[in-house]
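Please construct the entire structure, taking both the sequences and the accompanying hints into account.
In case you want the letters, here they are:
4 protein chains.
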Amino acid sequence: MKAQRVEIFVSPSATPADTSNLQTLADAGKIRPDTLVALVGKTEGTGFHDDWGRVWADVALRSWTARLLGVPVDDVAKHVIFVLSGGCPGVITPHIAAVTREWVEIDAPAREKRLVVGRAGSDAIVPEEVGRMGMMRKVATATHEAMKDAGLTDPKDVHLVMVKVPGLTVASIRDAESRGQTVVSHDLTFGPEGAGSYANDAAALGVAMALGEVPESSLSDDVVRRDWDLYSEVAMTSSGGEKRHGEVVVFGNSTASASPLVIGHAVTKDFIDAQGVRNALRSAGVRFKDGLPDEADLGRLVHVFAKSVIPGSDQVRGQRITLLDDADAYQIGKALGGMLVASVTGRTTNYVSGGERNSHQGPPGGNIVAAVVRLG
Amino acid sequence: MKAQRVEIFVSPSATPADTSNLQTLADAGKIRPDTLVALVGKTEGTGFHDDWGRVWADVALRSWTARLLGVPVDDVAKHVIFVLSGGCPGVITPHIAAVTREWVEIDAPAREKRLVVGRAGSDAIVPEEVGRMGMMRKVATATHEAMKDAGLTDPKDVHLVMVKVPGLTVASIRDAESRGQTVVSHDLTFGPEGAGSYANDAAALGVAMALGEVPESSLSDDVVRRDWDLYSEVAMTSSGGEKRHGEVVVFGNSTASASPLVIGHAVTKDFIDAQGVRNALRSAGVRFKDGLPDEADLGRLVHVFAKSVIPGSDQVRGQRITLLDDADAYQIGKALGGMLVASVTGRTTNYVSGGERNSHQGPPGGNIVAAVVRLG
Amino acid sequence: MKAQRVEIFVSPSATPADTSNLQTLADAGKIRPDTLVALVGKTEGTGFHDDWGRVWADVALRSWTARLLGVPVDDVAKHVIFVLSGGCPGVITPHIAAVTREWVEIDAPAREKRLVVGRAGSDAIVPEEVGRMGMMRKVATATHEAMKDAGLTDPKDVHLVMVKVPGLTVASIRDAESRGQTVVSHDLTFGPEGAGSYANDAAALGVAMALGEVPESSLSDDVVRRDWDLYSEVAMTSSGGEKRHGEVVVFGNSTASASPLVIGHAVTKDFIDAQGVRNALRSAGVRFKDGLPDEADLGRLVHVFAKSVIPGSDQVRGQRITLLDDADAYQIGKALGGMLVASVTGRTTNYVSGGERNSHQGPPGGNIVAAVVRLG
Amino acid sequence: MKAQRVEIFVSPSATPADTSNLQTLADAGKIRPDTLVALVGKTEGTGFHDDWGRVWADVALRSWTARLLGVPVDDVAKHVIFVLSGGCPGVITPHIAAVTREWVEIDAPAREKRLVVGRAGSDAIVPEEVGRMGMMRKVATATHEAMKDAGLTDPKDVHLVMVKVPGLTVASIRDAESRGQTVVSHDLTFGPEGAGSYANDAAALGVAMALGEVPESSLSDDVVRRDWDLYSEVAMTSSGGEKRHGEVVVFGNSTASASPLVIGHAVTKDFIDAQGVRNALRSAGVRFKDGLPDEADLGRLVHVFAKSVIPGSDQVRGQRITLLDDADAYQIGKALGGMLVASVTGRTTNYVSGGERNSHQGPPGGNIVAAVVRLG
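Residue numbers (my numbering), protein chains in the order written: chain A, 1 to 376; chain B, 1001 to 1376; chain C, 2001 to 2376; chain D, 3001 to 3376.
Keep in mind that the hints were calculated from the coordinates and are not lab data.
Only a predicted model underlies this, so the values are computations on that prediction, with no experimental measurement involved.
The beta-carbon is built from N, C-alpha and C at its ideal position, and this holds for glycine as well.
Keep in mind that a hint or two might mislead.
Calculated from the model, a selection of chain B residues having no Cβ within reach of chain D, i.e. all distances over 12 angstroms [to be verified]: (1) Leu1025; (2) Asp1123; (3) Asp1149; (4) Ala1176; (5) Glu1216; (6) Gln1319; (7) Ala1327.
Straight-line alpha carbon distances no greater than 27 angstroms define the calculated DSSO-like cross-link-like pairs of lysine-lysine that follow [to be verified]: (8) C:Lys2148 with C:Lys2243; (9) A:Lys289 with B:Lys1269; (10) A:Lys78 with A:Lys243; (11) A:Lys113 with A:Lys148; (12) D:Lys3113 with D:Lys3148; (13) D:Lys3289 with D:Lys3243; (14) B:Lys1030 with B:Lys1078; (15) D:Lys3269 with C:Lys2289; (16) C:Lys2289 with D:Lys3289; (17) D:Lys3078 with D:Lys3002; (18) D:Lys3289 with C:Lys2269; (19) B:Lys1078 with A:Lys289; (20) A:Lys156 with A:Lys113; (21) A:Lys269 with B:Lys1289; (22) C:Lys2002 with C:Lys2030; (23) C:Lys2148 with C:Lys2269; (24) C:Lys2289 with C:Lys2113; (25) C:Lys2148 with C:Lys2002.
Listed below in structure tokens is the structure:
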């Protein structure tokens, strides 16, 4: 039977444009033009929307990938999905994780489920759909297609869904309004009423709809960024004004896999919940000793993907914090997630994105953590 | 025999000037004019030297204390030591810990050592001594006196020494130079060559000298902020331009104590070392279960005092971080320490100061953590 | 006939709580309990909503005023209007301008119009009115009353209208929604879709309505923060969650005045338009020499009140600027207005507030500048 | 006789890596491989030392220049000098000014002096010379050589000297100390005692020495960043750890020139002195009308180069400002210089660098402004 063999290679970057470690992997045959499916990484810089570290990294990585694949730069997006999250405040090491997938023949299904990955693009999402049901439905459909591409049928086997969707821009708002349509917000930021937040959150609810985490009957335009009890435990979403359709990458476990890797996930119950991070590692199969990840076994931990959304409340376990009032909350919030994860994994090359306030990515106050572990 | 009975009351503050919780403690007789020895707290605000949150808190707390004691505001400093650390980024709840001490008669020494506290002022420290041997020697002498006041003789029983010393100012530099003296730096900041950093670090080495952590023969003007292998594991120091002499508060354990509290401490080995924080709790007597503090026992944890000095290296466990290059490193560094402690203690009312780069307070890359626990 | 004699005393502040210069004025009889009508100032600090410098200044000034007036602190607001704008980035000197008014008998109307001031409170403004027509109408009515109090009938004689209105809070939104009402925004910030911005802008349009700058027929809920061609040239507005009704202070010129002062105003045409600032000075009567304010005459300039709203466009005179993308735009925008004014007035004790993006206070891209000059 | 024909083309940049306007100039033959001598510009980004906007711009511009010249990227520095100043806060439009020079035959010296440009590299500057007399002397020698290359003999004809020198790095300090040498500072920042500031200031004093603005006998290691009465009125300097020798570009006026351009300069007397900026324009030949630059004549203004060093004092014209205490002083200080210049030139494409505190580039509290004007 045909099965996937998925690998993830985590490469620290010395500068935003550093592709030397990726090239070494390519030279060694570990990354090949026909196997590279995604580059997911953290880039150093401000983390804001005009973060030139991230933009430069994007340009340099697309250019490197075009050379690897032997295609024009503009065609790279057809072959490889890029998820670059800007900003490495604190103890987040800038790095790129290259995800590869090859198809192999296996005699029988694996005894234990192993990592598979699937991808899909959504139909075009028009500006009036951004942050609303239209976006949710198209993301849900694409999530189903990506699951199919991954060979996954049971939502319980899905542990991480990375989504990129269109945001709004001055131009796309003008377009919608010229056609007599309204848009979800005129605020183009990722603030509490910003179009970027609405786009990310509708995408998350689209994943939740696809996986049955939230029944479609509970969903409407009005619940987005209002009813925080509706959320996904596996969706990590982002949005950009330049995009016209959604992109979805699903990570899960399947017996139709020859991968040496397994994925697991958990959610933190609040912003300081290290146990939630430990649960993610345990879920993926890291061995524990005396309640803590066994240091001798942590070498098998390949990578952690975590969100660090700031809680919408100013209370953590009954005490007031001032983070919501902090002018630097966006960067500090991301940095704190980096510390929570690093203090558990004992390493700093973790993928931690976030900083926004409140989200349907994870439960109220909590965050999503996924972990990939190499079979022992 | 005469023994101390020391208590620590941790009061969250709703605003910088909020003294309502302290007043409730005073009304209940828990804080009395003759027992209050120190107010140690975190105040919300920028954390910079012109942090008006901290200044306002200082004014409000001195005014409240003057009313409690029935003395003029200017005399408050003779009776109560104030250690207010500005800036509560992230998950640090603004709070004031009131330290009280009363003298009681006990029949026999306690079977296990319990918390005692001692205080002393140093001789006046002139500007040319700031950040140099002169300051170290005077702080060392005051540390010995504070130990005596606490009834402590063995340095091993000392678990936390809080020190405030004079920094440099434009005026005090002019004074020194007009007398033909030099000063350690013309940079008045807490930057890597700033007078504030030199003052704090000489104070820390003074404590190290007093406790025998560093032999006096190893100390000289030249080692300050140069030889990072010389450090104290219990000194938390700060400096201010307005001061003329040093103030020292020593916390330790003694059998000549009727306190219901015990103190312990440990150091972290690096910036993400949660185990170091756990060790501090264990040292103070918190019970552990499966490698983690037993949640049922964490109610006995009264307070944690921790530093969060940023490492001088851009490497954490072999991977690069960008914190040293971050324009917001001062606040992010403090916030990260707050998360490291909160993720272990499960609460946000921890005293965490820091943000400066490199220090003789704790080992290179690591930080000091002290914990106070109520006897079970 | 009865006439006003209005004076403005500009007092630099050494710290947020510094009232020493005000006390000196009180000791000299220049500020009296029966003459003090307003304290308008710039306070040092972050300028954000949790700016403890501004909060501390507010507490200290109200306390000082209560002592001056011999009334409880809670009653001060009935007698004196406080307009404290936080944040003195760049070349804005922290200061308080005390506005006094006494009533005197004069034989005949003044030959040239002179400064008068009038005040009024609006009816209570409920949360569902914030940022909408309800607020505009109530502010318009109060503006008419304040003009009456000032003895002004012709809108052309009005040169500055300072307004404070209620904003929204978590509690007031809950109140409105529990009564089946909607609110203008759930974003409590001063961002582009924030309730604070809507409140300020509805207040400005209320002034514009009262003065006939914008016909009432052009106004509706929908134009607020949408139709930037509707604006006031004299309204400087602010909002706060703690308020329940609006407060209006009108400054204008009248022949029924014995004041030694005259006020004038102008608007800048864009963000770098120093000529607009010069026009304000010229309008108030500063003599010019060679196209510039005559330095020998600038001693007669008493005070300048200016807004520094950031343009909504990323173009200034046809070239791109990056201010809209700047994480520090709020503070930099305010600082730039301070420089524009100081470079014309040759002094740094100017009242400059702003930093928000786009507003109905002044024309698109431009800002309001009012100047008060002493008669020669 | 042989004469220079110098041109300056100011190209706004849409992104840090935008070379499209430069390419248009190249396509039109205005920039040629044999005429391009320098690219001087402002790049958008944080302005800090890890400003990826500036780094990306540098990479993209060197790559573009290499293609234009037909040389390897590593050889570009031998042909073209790059002065890229990061950070465009406020009203500074990101742009690149291309300086070209060709040699032409003229019949007779020009009647009025016109723009010439000259370049030179210094001898290698070792780490122990950074910020000290060794650096001053080598920069002075290179300045003389650049003057010679420009055909200038009289220092009065020199209106702008741009200098880049080596700074210190962890590696170069280690190198110096391993050879028994000391370095000027271990602080690698541009703070008040930072090596970057010492390097820039020694370079400025080197120019001052070369031009006779400061007699060599007044100079010593000890005066750098101590005796602010020693300064250059034409030196704009920067430093970088990667450099091993200094680079100097001199701009002046000469009769041996066929340029259609003239340069002039002036200094501001303090931080808000718009008259100083106007004086620079007047010095370069802009016509004035009623004390202000004649708007009809401003079309002849080609470019302005200005510094915006923050004053070392907290007083401007006798009033206190809080800029020295501002955590964002570096960016706000630069932004304020941008506003001062733009409010005079009526445009935002001005080269304004700075933000550091105190410097030997310009008088205490004041700044250098140079202007280039096209002959009418």
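Handout entry: Violations among the numbered hints, reported as their numbers in ascending order
Key = 7, 13, 19 and 23
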